[in-house]
Amino acid sequence: MSADDPAYRLFEQRFGARRRARMAETMLTAATAVLLFLVAAVWTDFSPEKIYEGLPRIGQYFGKLLSIEPLAGADPVPVLAFGHVFGGVKEPQSIAYWFYRIDVYGTLLWQTVQMAIIATVMGFTAAFVLCFPATGTLMPLRVLVFFLRRLLEILRTVPQVVLAFIFVWPFGIGPLAGILAIGIHTTGALGKLFLELNENADLRAVEGIKSVGGSWLAQIRYGVVPQVLPGFLSYALLRFEINVRSSTIMGFVGAGGIGMELKRVIGFNIYEEVSAICILILLVVVILDLTSERIRHRFIGQFA
Amino acid sequence: MLELVQLSRRFGDKLAVAGANLTFARGEMVGIIGRSGAGKSTLLRLINRLIEPSDGRVIADGTDVTALRGRELRAWRARTAMIFQQFNLVNRLDVLTNVLCGRLYHMSTARVLFKVFTPAERAMAVHVLDRLGITDIAMNRADALSGGQQQRVAIARALMQEPAMILADEPIASLDPMNAKIVMDALLDINQREGITVLTNLHTLDTARTYCQRIIGMSAGLIVFDGKPEALTDAVLRSIYGQSGDGQAVDEQLTSTSLPMLARPAVAR
Numbered sequence: 012m013s014a015d016d017p018a019y020r021l022f023e024q025r026f027g028a029r030r031r032a033r034m035a036e037t038m039l040t041a042a043t044a045v046l047l048f049l050v051a052a053v054w055t056d057f058s059p060e061k062i063y064e065g066l067p068r069i070g071q072y073f074g075k076l077l078s079i080e081p082l083a084g085a086d087p088v089p090v091l092a093f094g095h096v097f098g099g100v101k102e103p104q105s106i107a108y109w110f111y112r113i114d115v116y117g118t119l120l121w122q123t124v125q126m127a128i129i130a131t132v133m134g135f136t137a138a139f140v141l142c143f144p145a146t147g148t149l150m151p152l153r154v155l156v157f158f159l160r161r162l163l164e165i166l167r168t169v170p171q172v173v174l175a176f177i178f179v180w181p182f183g184i185g186p187l188a189g190i191l192a193i194g195i196h197t198t199g200a201l202g203k204l205f206l207e208l209n210e211n212a213d214l215r216a217v218e219g220i221k222s223v224g225g226s227w228l229a230q231i232r233y234g235v236v237p238q239v240l241p242g243f244l245s246y247a248l249l250r251f252e253i254n255v256r257s258s259t260i261m262g263f264v265g266a267g268g269i270g271m272e273l274k275r276v277i278g279f280n281i282y283e284e285v286s287a288i289c290i291l292i293l294l295v296v297v298i299l300d301l302t303s304e305r306i307r308h309r310f311i312g313q314f315a
Numbered sequence: 003m004l005e006l007v008q009l010s011r012r013f014g015d016k017l018a019v020a021g022a023n024l025t026f027a028r029g030e031m032v033g034i035i036g037r038s039g040a041g042k043s044t045l046l047r048l049i050n051r052l053i054e055p056s057d058g059r060v061i062a063d064g065t066d067v068t069a070l071r072g073r074e075l076r077a078w079r080a081r082t083a084m085i086f087q088q089f090n091l092v093n094r095l096d097v098l099t100n101v102l103c104g105r106l107y108h109m110s111t112a113r114v115l116f117k118v119f120t121p122a123e124r125a126m127a128v129h130v131l132d133r134l135g136i137t138d139i140a141m142n143r144a145d146a147l148s149g150g151q152q153q154r155v156a157i158a159r160a161l162m163q164e165p166a167m168i169l170a171d172e173p174i175a176s177l178d179p180m181n182a183k184i185v186m187d188a189l190l191d192i193n194q195r196e197g198i199t200v201l202t203n204l205h206t207l208d209t210a211r212t213y214c215q216r217i218i219g220m221s222a223g224l225i226v227f228d229g230k231p232e233a234l235t236d237a238v239l240r241s242i243y244g245q246s247g248d249g250q251a252v253d254e255q256l257t258s259t260s261l262p263m264l265a266r267p268a269v270a271r
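Which chain is which? The protein sequence lines are A and B, in order.
Note that the first sequence ends on residue 315 in the numbering used here; no numbers are left out.
Note that the second sequence ends on residue 271 in the numbering used here; no numbers are left out.
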C-alpha cells in the first residue's frame, strides 16, 4: 500500500490523533507527579543541600561509638580498642563489656521473635478465614464481599504503632499489646494478598466440586485451598520477616520486646548499649530473613 | 423421567437457550449436537443448575428442580453427575482424592473440612478406578495425567456420586481420537450396565451417530431436531449446522475424530 493511498492516509491521520492524545495524557501525568513531589519536598524540608550538609556528620555516630568523651584537653579513648577486644566483662574496651547485658538482650530478642511468631499465626488464621468470603469470584453475596474488603482495608491502614499504643491502655505494658497490634495489621495485609490469590484461582475445579453437590465450604476446601495454599504460606513467611522487624519497634510505645530496652538506652545516651542492641537486632533479622527466604523458595519450587 | 418445560436462558440480549421443551426417559443415551454457541453447554448446565434459568422449569420425577434450594439443590446435583470438556478436576490433589470428591455431598461438614474418607469410600473409589482401568495412577497428581486419563478420573468421580443421570459437556472435545473412543465407550458402558441416563454434548456428528439412540440438534438456542440418528438427513443437518459456503452439505469427515481403523456402523452420508 503506497503512502498516498487514501485509506492509508486516513489511518495515519487517526493513528496520529490517537498518538498525540496519548502523549498529552502522559505529559500531564508526569507533570502532576513532578509537582506533587516538589510540594511534598517543600513541606517536609527535603532538600539536596540538607542531605549534602548532613553527610559528613553520618560518621560522627560511629566516631562517638568508638570513643568515649575525652576529659578536658585529653584525647578521646576508644570504647573498643584492639588490645582489649577479648578482655573480660570489667575491661571497658572489650566486647564482653559492650555486651555485658547480653542475657537481658537475648531474652528480650527472643520475646520479640515470639511476638512476631504469635502475631503472624494469629493474622494468618484470621486472614485465612476472612479471605474466602471476601473474594468476589467465590462469594455470590456482594454485600458481604464489600463489607469484608473494607474491614481488611481498615485493619491494614491503621499504623501498627498507633494500634500498639491504643492497646497498651487496656492490656497494660508488655508484649500482649504488641502482638495484638501486629496481628491485626497482619490480618489486613495478608487478607488482601490472599484474596488476590483467590481471584486468580482456576474456577474449573470449583465448578467440578459444585457439580458433585459440594457445599460452598466443600468448594472452597477442595476447589480453591489446594490451589492457593502454597502461595498463602509463602506470603505468610514473608509477613513473618516483616513482623520481626515491626516487633522491634513495638517497645517504643511500651508494647513489649527489645524496643523497650532500646528506647531506654537511647534515652540515657548509652552509646555502647545502643550499638550492642542494634547489632543484635540486625543479626537476628538477617538470620531469620535468610532462613525464611530459603523455606519460601522451597515452597515455590515444590508446588510450582 | 426428566422434563424441560419452556426452559430459557438469556445472557444480555442474547437467548442462549430459547424455550426448550424436552422429555428424557430413564436410561436413554442422548447426544446433543450443534455449532459452537448454539446453547448446548448452557442447556446441560441449566439441568443441574450450574446456570440458573431465566424462564421455564426443569421437572424431575414430578419435582420442580428449578425451585430447589440449599441442601436439596445439592442433592439434585449429586444425583446428576457432570463431565466437563476441561475435566474440572482439582489439579493439585491426587487422583484418589479427586475421585473421592464424588462423595462430598454425602459427607458431614467436619469430614469435608478435614478430608476424612472412610475405608468403605476408599474401597468404592478403588473399585471405580479399576473399572476404568486407571488404578495404577491413583496416587498421581491430577495435573500430571494425560487428557484421556484426566477424563476417566472425572468419570470415576461421577460414578462415585451414584448418579441417576450423567451430563457430559463435550467430554471428548479435548482428546485425541483414541482417548475419545475410550471415554465414549466408558460412558456407553455405564449407560448400558447401570441404566444411567446419559446426556452428552458432542461436536462430532459421527460420534453422536455411533453412540446415541437419540439425537437432539440445537441451533441459535432452539431445538431444531429431536429424533433417531437415522432421521438425520442432509436437510436436517443443514438446519443444525447451517449452509456451508458452497452449498454443500456438512462433510462428516471434517467433524470426525474417529480413527480410520476403528470400525463404526456404516451410515448413509
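The hints are simulated quantities; they were obtained by calculation from the structure and are not laboratory data.
Treat the hints with care, since some could be wrong.
[What the hints assert, rightly or not] Derived list of chain A stretches under chain B, where covered just means 3 residues or more per stretch with a C-beta under 8 Å from a C-beta of chain B:
| # | stretch |
| --- | --- |
| 1 | 206 to 217 |
| 2 | 220 to 233 |
[Claimed, not checked] The calculated label-pair distances, taken between Cβ atoms and stated as ranges, are:
| # | chain 1 | residue 1 | chain 2 | residue 2 | range |
| --- | --- | --- | --- | --- | --- |
| 3 | A | 304 | B | 117 | 27 to 33 Å |
| 4 | A | 215 | B | 191 | 23 to 29 Å |
| 5 | B | 141 | A | 296 | 37 to 43 Å |
| 6 | A | 151 | B | 191 | 35 to 41 Å |
| 7 | A | 132 | B | 118 | 22 to 28 Å |
| 8 | B | 38 | A | 302 | 50 to 56 Å |
| 9 | B | 112 | A | 298 | 21 to 27 Å |
Built from N, CA and C at the ideal position, the CB exists for glycine as well.
Checked hints:
1. Requiring three or more residues with a Cβ within less than 8 Å of a Cβ of chain B, the coverage given for the stretch 206 to 217 of chain A holds, as 3 such residues are present.
2. By the rule of at least three residues with a Cβ nearer than 8 Å to a Cβ of chain B, the coverage given for the stretch 220 to 233 of chain A holds, with 11 such residues.
3. For residue 304 of chain A paired with residue 117 of chain B, a C-beta distance near 30 Å keeps the hint of 27 to 33 Å intact.
4. Distance hint check: the CB atoms of residue 215 of chain A and residue 191 of chain B are about 26 Å apart, consistent with the given range 23 to 29 Å.
5. The beta-carbon spacing between residue 141 of chain B and residue 296 of chain A, approximately 41 Å, falls within the hinted interval of 37 to 43 Å.
6. For residue 151 of chain A and residue 191 of chain B, the hinted distance range of 35 to 41 Å is satisfied, since their beta carbons lie about 37 Å from each other.
7. Checked against the hint of 22 to 28 Å, the C-beta distance between residue 132 of chain A and residue 118 of chain B comes to roughly 24 Å, which is consistent with it.
8. Between residue 38 of chain B and residue 302 of chain A the C-beta distance comes to about 53 Å, which sits within the given range of 50 to 56 Å.
9. Range check, residue 112 of chain B to residue 298 of chain A: about 40 Å between beta-carbon atoms, so the 21 to 27 Å window is missed.
Hint 9 from the earlier list is the only one contradicted by this structure; the remaining hints agree with it.
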